[in-house]
Each structure stands twice: as C-alpha cells, then as structure tokens.
Amino acid sequence: MNLGGPARQTLASDPLLCARGHSVRVFCGQPEAGEGNLVDLLRVKGIDVQEIPGLRRRPSPWGDFWAGRALRRALREFQPDLVHTHASKAGWLGRRAAWALGLPTVHTFHGHVLEGYFSDPVSRLLV
15 MNLGGPARQT
25 LASDPLLCAR
35 GHSVRVFCGQ
45 PEAGEGNLVD
55 LLRVKGIDVQ
65 EIPGLRRRPS
75 PWGDFWAGRA
85 LRRALREFQP
95 DLVHTHASKA
105 GWLGRRAAWA
115 LGLPTVHTFH
125 GHVLEGYFSD
135 PVSRLLV
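The sequence shown begins at 15 in this note's numbering and counts up by one.
Don't read these hints as lab results, they were simulated from the structure.
No experiment lies behind these values; they were computed from the predicted model shown.
Treat the hints loosely; a few may be bogus.
Unchecked claim - What follows is a set of in silico ranges between Cβ atoms, one per label pair, in the way DEER data are often shown: (1) G48 <-> S74: 13 to 21 Å; (2) L115 <-> W76: 20 to 28 Å; (3) R110 <-> D54: 27 to 35 Å; (4) T119 <-> W76: 19 to 27 Å; (5) K103 <-> S133: 29 to 37 Å; (6) S102 <-> P135: 14 to 22 Å; (7) R87 <-> A33: 23 to 31 Å; (8) L30 <-> E91: 22 to 30 Å.
Heads up, the beta-carbon is just placed ideally off N, CA and C, and yes, glycines get one too.
Given only the sequences and the hints, what does the whole structure look like? Please build it.
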C-alpha cells in the first residue's frame, strides 16, 4: 500500500474501527518501485493486511483479471459486512468483487480524476 491519500485515511480510521470491536482487513496491492509502503505500519497498529498478488497501479488487463479473482476469493473467505474501496483501479476491482458476492460497498474518491492526471486533450476526450 503506497503512501498516498487512501493509505493515510486507512491509517487514521481503521485502528478506530478495530477499537470499537469491528473486524477490519485491508486488501491491497504492492507499491510501484520507489514508492513507500505502509503495510508494516498498518500491522503494527493492529490492522490485518492481506496483499493481493498482481494488484498494481498500472493497468494490466491480464494481471487485473487475476487480481480481481484473487480479491473476490479473499472477500469470500473474509465475509465482510461492508467493503470500503479507495483509488481508481483498485476501487473498481474491489467494487466488482464485492458486487459479485452481493456485498454492500462504499467508495471514497480522492482528488479529481480529470485534474492533473491527464493531458488537456485526454481530459476533454474523457468528459
């Protein structure tokens, strides 16, 4: 789990949920080369973390397919009452896996996808 906004929010909220008696598990991918990783800090804070093989930031149709299957299998085993997703691709994969299992979802958006991520022509095309 890289050091971005979703990780910061997870680090702030999940220990509080655990302290209130909720079972919390963070499903995450591996950071890209050169990115920091918060997995060890989450574990020190008492958060159960399960890394999903193949779940990475960069799009990879084949890798994303297998990561989605692994995520669905992990959710089936954990049986959460609610799935809270973050980020674009990981959030989409998480919601698809949850919906396939009939699990309710909540998604937190971080930033604005059309501001600062793509060139102006690509942003106009997406709109």
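Could you tell me which of the numbered hints above are not met by this structure, giving the numbers in increasing order? Violated hint: only 5; rest satisfied.
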